[in-house]
Amino acid sequence: MKKKTSEKLVFSFLKAVAAMIVVVVVGLVGYILVNGLPVLSFKFLTKPPSNGMLAGGISSAIAGTLMIMILTMVFAIPIGVGAAIFLSEYTDKVDPRIIRMVRLSINNLAGVPSIVYGLLGLGLFVLFMGFRFSVLSASLTLSFLTLPVIIAASEEALRNVPMAYREASLALGATKWETTRNVVIPTALPGIMTACILGLSRAAGETAPLLMTGAAYYIPRFSGSIFKQFMALSTHIFFMSTQSPNPSLTRPIQYGTIAVLLIIVLSMNFAAIIIRSRYRRRFR
Amino acid sequence: MITTLDTPVLSRVTDKISFKDFNLWYGDNHVLKDINVRIKSNIVTAFMGPSGCGKSTLLRSIDRMNDIIPICRIEGDIVIDDVNIYDEDVDVYELRKRIGMVFQKPNPFPMSIYDNIAYGPKLHNMGKGEELDRIVETSLRGAALWDEVKDRLHESAFSLSGGQQQRLCIARALSINPEIILMDEPCSALDPIATIKIEALMRELKEKYTVVLVTHNLQQAARVSEMTAFMYLGEIIEFGSTRDIFENPQNELTENYITGKFG
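As they're listed, the protein sequences go chains A and B. For the first sequence, the positions run 1 to 284 when the working numbering is used. For the second sequence, the positions run 1001 to 1263 when the working numbering is used.
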């Protein structure tokens, strides 16, 4: 009897905890969408800020965020996926101490606070390499930040490819690289894509690193150049809510901007979920 | 070790693969001990024995698949057509192209039926377009699968049944036009009907290829092979014509295994 009661108690507690997570997520997203969606209009999405940042749209911030994400993708995916392929396929002939060091670095990289990446970007790209405050500096910094996510998740996807596929290919006289290229990578591709999307969606919302590498308070029109400063959605929200001459007047703009950012990030995560579930089905 | 080669069926065949004082270790584990065996062409040679006796390792030594295991170390020679395949100037990829391998569990690639077969030929630039189509058809016919799949070549290989998948893997092994076919317990994951089909296929394959079969199924060895080796704890205990091994085993261990006293 007593055992049964405690069992019930634990179960209801766990159920309540799980429910709380859902409530928090739904509440947060719902609150933002309820307040943000009415603000969204064609004009809001396609016009730059106006009237001393108290009115107008967020087109330059959207353009900046998209450009940074594309560039981050260009830098981070080849390096991240390359490292993952190395770690998953090519470690057997390398000194295990080196591999341990690489893994340790990646794990530590994942735990570094984003503001530290910002400082690294400021010191390395902005000042030392002379890229100044620019889209380029910001993208390079964000690629560093996304690398651990991309490497870890891609490696996982590659490791999940059954050894039997590799053996079948090698037994047909394929080299290791032919096997990796023709069998292992295509099989792991959905997983690798998921990894890249999750990494990028993390980068999309980052604020601190952008503040230190080139985010501007106001740019009338997005320059399109990767060597110029930029506006981004995340930093726009930060500026509007803390640096604006009249934060309460810009509240609708803040809600609208957050809604746009959230929609971008959530739809990326959703895409990742869809790709992953298809991938699972393929492995029976 | 007793070798009996004077049975009539064996007279037209020649030595294809010779193990000479072959030893293999995984780390400190001595897996194959002083293997001396001559495998003949155009017959089925079966290696049987209890799990862990080293028969799969022996099979994988023939196409050097053990190379991919870093802790693997070998001594001695395996000679195929007068060339020691462990010589330094042997191109392991060329070697594997001459040898088709069929694994324990059907392991088709996650591709279409057609692409599974075309994979090897494409790798070795054996043809494209119609030429490739012809290789695919010949290979599938060789594995007695053509009639079942000819209308669905571009469907996923996973849409096939287990037995069909294994015949697809045999067709894939045939696609690179090998001289030797290695089969590592090819029926252990299959039902009896599928097993019968694969065994019938083995009898056909030996007309053109040297077939080496690893099995822990005694009846299978008896049904399809001309020569049988019994392995135990990394050693070849007895090797001879299948009839001799089953009807008149010379070694007590072999006899105990065949009569089911252990295994």
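One or more hints might be untrue.
[As the list claims (entries may be wrong)] Computed cross-link-like contacts, BS3-like style, restricted to lysine-lysine with a CA-CA straight-line distance of at most 30 Å:
1. B:Lys1105 x B:Lys1197
2. B:Lys1020 x A:Lys176
3. A:Lys93 x B:Lys1122
4. B:Lys1208 x A:Lys93
5. B:Lys1197 x B:Lys1150
6. B:Lys1197 x A:Lys93
7. A:Lys93 x B:Lys1128
8. B:Lys1033 x B:Lys1128
9. B:Lys1105 x A:Lys176
10. A:Lys176 x B:Lys1128
11. A:Lys176 x B:Lys1122
[Claimed, not checked] Chain B residues, not near chain A, derived (Cβ > 10 Å throughout):
12. Thr1014
13. Asp1021
14. Glu1088
15. Glu1094
16. Gly1120
17. Gly1127
18. Glu1131
19. Lys1150
20. Ser1175
Keep in mind that the hints were calculated from the coordinates and are not lab data. Even for Gly, the Cβ is constructed at its ideal location relative to N, Cα and C.
Review point. Is the nearest Cβ of chain A still more than 10 Å from the Cβ of Glu1131 (chain B)?
Key: Fine: 18 Å to the nearest Cβ keeps Glu1131 (chain B) off the interface.
**Study point:** Hinted pair Lys176 (chain A) and Lys1128 (chain B), Cα distance within 30 Å
**Key:** Answer holds: Lys176 (chain A) to Lys1128 (chain B) is near 23 Å, not above 30 Å.
**Study point:** Pair hint outcome, Lys1197 (chain B) versus Lys1150 (chain B) [Cα-Cα no greater than 30 Å]
**Key:** 18 Å, holds
Check your understanding: Taking the minimum C-beta separation from Lys1150 (chain B) to chain A, is that value above 10 Å?
Key -> 22 Å, holds
Exercise for review: Quickly compare the C-alpha distance for Lys1105 (chain B) and Lys176 (chain A) to 30 Å and report which way the hint goes.
Suggested key: With a Cα-Cα distance of about 22 Å, the restraint between Lys1105 (chain B) and Lys176 (chain A) holds, given a limit of 30 Å.
Review point. Taking 30 Å as the top limit, are the C-alpha atoms of Lys176 (chain A) and Lys1122 (chain B) close enough?
Key: 16 Å, holds
Check your understanding: In terms of Cβ atoms, is chain A entirely out of 10 Å range of Thr1014 (chain B)?
Key -> 24 Å, holds
Practice item. Verify the proposed pairing of Lys1105 (chain B) with Lys1197 (chain B), using a straight-line Cα cut of 30 Å. Key: With Cα atoms ~16 Å apart, Lys1105 (chain B) and Lys1197 (chain B) stay inside 30 Å; holds.
Check your understanding: Quick one, are Lys1033 (chain B) and Lys1128 (chain B) close enough, alpha carbons at most 30 Å?
Key -> The hint is violated at about 45 Å.
Check your understanding: Are all beta-carbon distances from Glu1088 (chain B) to chain A longer than 10 Å?
Key -> 17 Å, holds
Review point. Does the alpha-carbon distance linking Lys93 (chain A) and Lys1128 (chain B) stay inside the 30 Å limit?
Key: 35 Å, violated
Point to revise | Holds or violated: Lys1020 (chain B) to Lys176 (chain A), with C-alpha atoms at most 30 Å apart | key: 29 Å, holds
When each numbered hint is compared with the structure, violations occur for hints 4, 6, 7, 8, 15, 16 and 20.
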